[in-house]
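There are 2 protein chains.
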Amino acid sequence: MRIGLLGFGTVGSAFAEVLAASGNEDVRITHVFNRGVERKRGHERAKFVATGAVWTERVEDVLEAADVDVVVELMGGLDPVEGWLRAALGAGKHVVTANKQLIAYRGAELFALAAEKGVQLLYGAAVAGGVPVIPGIAQGLSGDVITRISGIVNGTCNFILSSMEGGADYGEVLAKAQAAGYAEANPSADVDGFDARAKLCVLARLALHAEIDPEQVPAQTISTISAVDFAYAKELGCTVRQVSRAEIADGVVSASVGPMLVPKTSPIAWSRGTQNMVVTSGRFGGDVVFSGHGAGGHPTAVAVMSDVRAIAEGSVQVRLPAKKMKVVGDVVAPHYLRFVVADEPGIVAAIAGSLAKVGANIDSILQHRGFGGDRLPFVVTTEPCLSSTLKGAVAEMAAMKFMVEPPVCLQMLVVDDRDTD
Amino acid sequence: MRIGLLGFGTVGSAFAEVLAASGNEDVRITHVFNRGVERKRGHERAKFVATGAVWTERVEDVLEAADVDVVVELMGGLDPVEGWLRAALGAGKHVVTANKQLIAYRGAELFALAAEKGVQLLYGAAVAGGVPVIPGIAQGLSGDVITRISGIVNGTCNFILSSMEGGADYGEVLAKAQAAGYAEANPSADVDGFDARAKLCVLARLALHAEIDPEQVPAQTISTISAVDFAYAKELGCTVRQVSRAEIADGVVSASVGPMLVPKTSPIAWSRGTQNMVVTSGRFGGDVVFSGHGAGGHPTAVAVMSDVRAIAEGSVQVRLPAKKMKVVGDVVAPHYLRFVVADEPGIVAAIAGSLAKVGANIDSILQHRGFGGDRLPFVVTTEPCLSSTLKGAVAEMAAMKFMVEPPVCLQMLVVDDRDTD
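Protein sequences appear in the order of chains A and B. Here the working numbering is used: the first residue of the first sequence is 630, the next is one more, and so on. Here the working numbering is used: the first residue of the second sequence is 630, the next is one more, and so on.
Mixed in with the good hints, there may be bad ones.
Put simply, identical chains are the same to the list, so a pair is met inside one copy or across any two.
Claimed, not checked - Dumping the calculated EDC-like pairs for lysine to aspartate or glutamate here, alpha-carbon to alpha-carbon at most 20 Å:
1) Lys952 / Glu654
2) Lys1030 / Glu794
3) Lys805 / Asp821
4) Lys893 / Glu654
5) Lys893 / Glu738
6) Lys893 / Asp698
7) Lys746 / Asp696
Keep in mind the hints are simulated off the structure, nothing from the lab.
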C-alpha cells in the first residue's frame, strides 16, 4: 500500500517514524507534500521515509499520482484541504485524516463521497489523538443507545486548568504552555473552546448519530477562570475543567463547551496535564471511560497509523448513519456564579433579587475571608435551572455598580450514579 | 441478517432486548437454542424475539439452518461449544461470541478456520463486557507497539476487594456477592484467577501479538487477602486489587494474575464495584485507559450487539497476526510480604535472614500496634526483585514455627510516569 503524505510537521514526521517502527513492509510512503519541502527533507525524521519517495511542493503530484493508494492528511484547516481531499476521494483513493474541523464541518458530504467511490475516509486521530475513542465507539458501542458524551478533548485547556488547580495563575500557565509548545501564540482556538467544539461535533455524529453544526454549539472561554475559582470549587468538592458535553433527549441535542465545575468523584476530574478523557453514557452499557494522551506527535501518529493499518489489512470500519439535528445550547444544571465586587451593603440582596426574578433558587453562598473590600470575590450556587434563564440575570448583575468585573457563570456537572444490571 | 442465538440466559435475553431497542429491522433473531427451551419461551424477555422464530433444544436446527447468517454464542465453556462453532464457521456462518475460554484456548484454530471460510469471528464481549477494549485495541491501537497490558478484568474480584477496602471481611463480602449474583456458588474461577487469566490471554493476542497458553500464566487466589492487608496497603499509599498483567520484552512474555498492591495514583486503583479497567502501554502512544461495566447482561449484550451490527453494516475487523510465545510468570517488582506470627524474639532476624539468603533487599518493615501477640500481623516490603527468587524464601519462612498462617506474598505495581511527546 502506497501512501501520499500531506504535511511533514510534528504529526506527519512522527507518523513516518511510527510506520517505520511497525516493520510493515507492505505499507510505504511514496510521496510527501509540504511547503518548503527542501527544509523538510533535512528533518531528523526524514530518514524514516523510504528512499525514492517523491518530496514535492505541488499537491497535485500526490493527488494525481497513480501509485498512491491512501492519502494521509495531517495539515489541518478547511481550505484548501477540503478540495484536496475531495480530489483524492474522487480519484478513488482512501483518505486518513486527523482534521477535526474538516470532519466536523464537512463530514457528511465527505463520507457520502467516500461511500459513492467505494473508498474509506478514516479519522481516528481527529479526536483525542492516541486514545481510540472514535474506533471504540464505532466498532464497540454501536450496539448501545448512547444518550450523552462528555469529556475533556482539548489538552491545552486541561494543561492550563490542571496546573491552575495546583495554585498557578492563568496568564502564567498560558505563557508556560506556549513556551512548551502546548499552546499557540494566539491561543483562542483552544482557550475559547472552538477546537473542542469541533471535536464534540465529530463525537456527536458517531455516538449520538446527530449531525450538528459546530457554530450552533455555545463555547465559553476559560480565560476568565482565576485561582479563586479553584478555591471555591474545592470547597464544593469540585475542580474546574474545560468540559465538552452533548446530550440527546426527545430528538433534541443539547451541547456546550466551556469551563465547568466537575465533582472530584467524576472520572473527568482525574485527567491531568494534556490528558484527554471521554465518557460515553449508554442506556444499556452505562458509562464507559476512555483516557490517555490526546495530543502530541507520537500519540496522534498512533491513531493515524492504526487507520492506515486497518485499510492495509482489508478492514472496513462500521459506518453509522447520522441525522441532521438542531442544537440547543441550553442545559438544566446547577450553576456556579462568581462575583468580584467592591464591598458595600446590599450586594447579596441585589444579586438574590436578580436571581429570584428569573426563578433561580440559591443553593449556597460562599465567601472566603482574607480579601480586600475593593476586590471581594464571592460565590453563589444555584439549584438546577436552565442556563438560558440565568443569562438575563447575569447581564443585569454585570451592570450593577459594585461589580468590579463581569460575573463568571459556570455549569456544575452532576455525577450520575445510574447503574446497569 | 438472520441470527441464530445459542443461549437465552442473562446475556442472551439481554441481547434480544438490546437488538429490539436498536430498531434495526434488517437484523432479526430467527432461531433460539437452549436446554429447557419451553421454560425460556416464558422468559419475560422472550417478547423481544420476533414471532415466528424457531425455539429449539436441538443445536443442529440452528447450525444447519440455511436461514441463519450469524451464530451468536452466549453459553460459554469449551465443550461442546467449540464443536458447534467449528460447525457454524465451517458452514460459512459468521460467529459472534462472548466466550473468553474458547478464544483464549482455541482462538488460533478458530480464527484460521474463519479466515479460510471468509467469515468473521468477533468476540468483543469476551473481555470487559461493555467496555470496548477489544475493538479499541484492534481498530485504534494497532498502529502502536504495545509493550504491556494491565488491568482489572474480573468484576467479581473487584467487587470483593473494593468492598474489603471499605472495611468488610472477605467471607462476608463473598457471601454478599453470591447473594447479589456477582459470584458463583463455587467462586473458584473468579477468586482463584482462572477467569481473568483467560481474558488476559485474549488481550495478549490482540495487544502484544502473542499467543500464550492460559495454563502457563500463574494465577494467585485473592482468598488469602484480609482486612489487615488493606490497612498496611493504605500506609504504603496503595490498595489491593486483582490485577492481570502481561508484558513483552526481548521476545518474552511475562504474565500473571493475582492480588497486587496498586498505588492510589494508578488508574487501576480507581475502579470500584464490578467495574473493569484495562490499561495498555504503548511505545508511541503511552498509556491508554478503558473502563466501565465489565459484566452484567446488558453491558455484555452491548458488546455482542456492536459486533452483530458491525457485521450487518459490512464492516470487516482488523485481523492482527499473533505468534505463539512462551510465558514467564516471573516479574521483577517490589514485593509485599505479610506474615501472621505468634510473637517471640528473633522473628524479624529469621525473616530477614531468609530474604538475605535469596538476595532480596528489605525496603520497609511495618507493624501496626493493637494486635494480640499470638496472632500478630506485620509486613515486610522488598526492593524490586524477581518473584521467583522470593518463592524459596517464602516456602522456608512458611515452615518457621512462629508462623500462624502461610505468608502472603504480593507484587507491588509501580506507576510508570513515562510521558510521550
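Given identical chains, is Lys893 near Glu738, meaning Cα to Cα at most 20 Å, within a copy, between copies, both, or neither?
neither (41 Å within a copy, 47 Å between copies)
Status of Glu654 relative to Lys893 across identical chains (alpha carbons, at most 20 Å):
For Lys893 and Glu654, neither the intra-copy (47 Å) nor the inter-copy (42 Å) Cα distance is at most 20 Å.
Copy assignment of Lys893 with Asp698, given that the CA separation must stay at most 20 Å
neither (47 Å within a copy, 47 Å between copies)
Same-copy or cross-copy closeness of Lys746 to Asp696 [CA-CA at most 20 Å]:
Classified as within: same-chain Cα gap 18 Å, cross-chain 31 Å, threshold 20 Å.
Should Lys952 paired with Glu654 be assigned to within, between, both, or neither, using CA atoms and 20 Å as the limit?
between (40 Å within a copy, 18 Å between copies)
Within, between, both or neither: Lys1030, Glu794 at alpha-carbon 20 Å:
Answer is neither; intra-copy 31 Å and inter-copy 53 Å both fail.
Intra- versus inter-subunit Cα pairing at 20 Å for Lys805 with Asp821
Intra 18 Å, inter 49 Å, cutoff 20 Å: intra-copy only.
Checked against the numbered hints above, the structure violates hints 2, 4, 5 and 6; every other hint is satisfied.
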